[in-house]
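Colleague: Whole structure, please, built from the sequences with the hints as guidance.
2 protein chains.
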Amino acid sequence: MKEKNFIQIIKNTLNSDYIGDDCANLEDLGIVITQDSLVEDVHFVTKYITPYELGYKSAMVNISDIAASGAKPAYLTVAISLPADCDEKFVEEFYRGMKSGAKEAKIVGGDITGADKIFISITAIGKTQGRKISSRKNAKPGQKVVVSGIHGSSAAGLNELLNAGKRIEDKFTKAHFMPEAQLEFSKKIAETINYDYAMMDTSDGLLDALSTIACESRVKISVDFSKIPYDKDIEKFTDWQNLVLYGGEDYGLVAVLEGKDTSGMIVIGEVKEGCGVEILNGNCCEILSRKDIEKKLYSHFGENHEN
Amino acid sequence: MKEKNFIQIIKNTLNSDYIGDDCANLEDLGIVITQDSLVEDVHFVTKYITPYELGYKSAMVNISDIAASGAKPAYLTVAISLPADCDEKFVEEFYRGMKSGAKEAKIVGGDITGADKIFISITAIGKTQGRKISSRKNAKPGQKVVVSGIHGSSAAGLNELLNAGKRIEDKFTKAHFMPEAQLEFSKKIAETINYDYAMMDTSDGLLDALSTIACESRVKISVDFSKIPYDKDIEKFTDWQNLVLYGGEDYGLVAVLEGKDTSGMIVIGEVKEGCGVEILNGNCCEILSRKDIEKKLYSHFGENHEN
Numbered sequence: 002m003k004e005k006n007f008i009q010i011i012k013n014t015l016n017s018d019y020i021g022d023d024c025a026n027l028e029d030l031g032i033v034i035t036q037d038s039l040v041e042d043v044h045f046v047t048k049y050i051t052p053y054e055l056g057y058k059s060a061m062v063n064i065s066d067i068a069a070s071g072a073k074p075a076y077l078t079v080a081i082s083l084p085a086d087c088d089e090k091f092v093e094e095f096y097r098g099m100k101s102g103a104k105e106a107k108i109v110g111g112d113i114t115g116a117d118k119i120f121i122s123i124t125a126i127g128k129t130q131g132r133k134i135s136s137r138k139n140a141k142p143g144q145k146v147v148v149s150g151i152h153g154s155s156a157a158g159l160n161e162l163l164n165a166g167k168r169i170e171d172k173f174t175k176a177h178f179m180p181e182a183q184l185e186f187s188k189k190i191a192e193t194i195n196y197d198y199a200m201m202d203t204s205d206g207l208l209d210a211l212s213t214i215a216c217e218s219r220v221k222i223s224v225d226f227s228k229i230p231y232d233k234d235i236e237k238f239t240d241w242q243n244l245v246l247y248g249g250e251d252y253g254l255v256a257v258l259e260g261k262d263t264s265g266m267i268v269i270g271e272v273k274e275g276c277g278v279e280i281l282n283g284n285c286c287e288i289l290s291r292k293d294i295e296k297k298l299y300s301h302f303g304e305n306h307e308n
Numbered sequence: 002m003k004e005k006n007f008i009q010i011i012k013n014t015l016n017s018d019y020i021g022d023d024c025a026n027l028e029d030l031g032i033v034i035t036q037d038s039l040v041e042d043v044h045f046v047t048k049y050i051t052p053y054e055l056g057y058k059s060a061m062v063n064i065s066d067i068a069a070s071g072a073k074p075a076y077l078t079v080a081i082s083l084p085a086d087c088d089e090k091f092v093e094e095f096y097r098g099m100k101s102g103a104k105e106a107k108i109v110g111g112d113i114t115g116a117d118k119i120f121i122s123i124t125a126i127g128k129t130q131g132r133k134i135s136s137r138k139n140a141k142p143g144q145k146v147v148v149s150g151i152h153g154s155s156a157a158g159l160n161e162l163l164n165a166g167k168r169i170e171d172k173f174t175k176a177h178f179m180p181e182a183q184l185e186f187s188k189k190i191a192e193t194i195n196y197d198y199a200m201m202d203t204s205d206g207l208l209d210a211l212s213t214i215a216c217e218s219r220v221k222i223s224v225d226f227s228k229i230p231y232d233k234d235i236e237k238f239t240d241w242q243n244l245v246l247y248g249g250e251d252y253g254l255v256a257v258l259e260g261k262d263t264s265g266m267i268v269i270g271e272v273k274e275g276c277g278v279e280i281l282n283g284n285c286c287e288i289l290s291r292k293d294i295e296k297k298l299y300s301h302f303g304e305n306h307e308n
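From first to last, the protein sequence lines are chains A and B. In terms of the numbering used here, the first sequence opens at residue 2 and continues consecutively. In terms of the numbering used here, the second sequence opens at residue 2 and continues consecutively.
One should not assume that every hint holds.
Identical copies carry no separate label here, and so any pair may be met within one copy or between two of them.
[Unchecked claim] For lysine-lysine, the following BS3-like pairs were computed, each having C-alpha atoms within a straight-line distance of at most 30 Å:
{"id": "1", "residue 1": "Lys175", "residue 2": "Lys12"}
{"id": "2", "residue 1": "Lys188", "residue 2": "Lys107"}
{"id": "3", "residue 1": "Lys104", "residue 2": "Lys12"}
{"id": "4", "residue 1": "Lys175", "residue 2": "Lys90"}
{"id": "5", "residue 1": "Lys128", "residue 2": "Lys188"}
Keep in mind that the hints were calculated from the coordinates and are not lab data. These numbers come from a predicted model, not from an experiment.
Modeller: Okay, here's the thing in structure tokens:
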């Protein structure tokens, strides 16, 4: 995983305290900021995704990062580089989709240039306005793990697509191309919790989020598979349990809170002393290190998803 | 100029008040924000620019946009997409350069992904902190046009490069690869002027800046060529006057102020009723519409510069 090495080099070169969570928390300004790119033939192929969906999803992945921080999405800037064959219709549909994916956040600027392939890079700003901002380092033994959203549907949609070589118009495809950021869940937690807590989105899979929080907080997270919310129809796919655990791009949220604060929420596990992630599944208890999980994420889905 | 059409479509689709200046002024947060991309083989070629210079210049072009707004550069986020053959050394040098180009602004986050070609997109945030923020719409008849920086050197460096097919190590090359944002000039104006004023950087050439301000403010700008600061050694180049007027990437600043506020500054012209730009050059007075200037910018330097 070359990019992980690069991130370490960047941290060393910049010697910055900010690099770590998806969002940087700029306390002096009362904002969080995040930037994410989508590259043609790495993160998407135009054969499958419509310009509207591409715009929607580009905005939404950044809105989801803001939701994971607990802040309120406020502004977006958008840089897009386009090949010569992208026409006015593409641009209009892309920006219509982006406006929809941005929800209440306003698109306030950006840049447009030429390129051989489509490059999209979006920056999102969230206002903290008295909300408590999360960090992956905050999970503590004894706390409970809660989730929002359902897991595995987006990866199931991607699987269908790659197997068929064309779009299958069903709920899994929709989950893949038009995911929803968990803004209500985020707001509820960030406005009510008054201690440091951990929260992260499941953009790279539920187990990626759980193991990252476990690793950054130096704890073990124990999860009961039967408690994880997923669409029952996913069981028709071979390997469906891996879709639920390791499939990315559902943009659910995982948070780690004191038990007293989890009423009405979906609790899937708890935090223990130790490290890594433990999955209870019927009579089986699988214990996975961060390295095991990275290997599984990579072997199931590759470093980058093509959709 | 296809990108100009696209910007109009984007404005129509988003129906946003913010799109216009390089920076969006987010008054509720006390910040301005800008985002700019650099694409391999469109804005640069790795044959000529070093990774350090590429990092430096990527940061600097965004710092210059913040300077043009009058705000104080505060934070940067950086998204970079890299082909598989970019190694650790490239990443380290690129970020070292970027840290240098960012000046006092802190690099607080971003994204790193794979791609076929290098794609860099940087977002910069400036704090307004009581400074007066510029807009291209603010020039008024009777006001004076002032500039900072020297003009044409960067384009001369690019010319040398393209003619020789290799780097010529001289002051023009340096101006092209390691330009300086005009932070002191920006600060002085933004901290002392107490009325709405216009300011813009010369990233796309001096006449691009002058004609954009003229067009957005619905005025005519009259400039005396003999007052424009440039390096005398540029006169060795054929077509040197066009380099001074139309050459991009010097990252100077142009501001339009009341005459009483220009003491100690380089005044190159004044604002009149009318539209377009008027260049006094010896006995000749050339009158250029925005369209004439766009055509000249395009024919001299193309829509995108390769450097």
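Colleague: Failing hints, ascending?
Modeller: Hint check: nothing fails, all pass.
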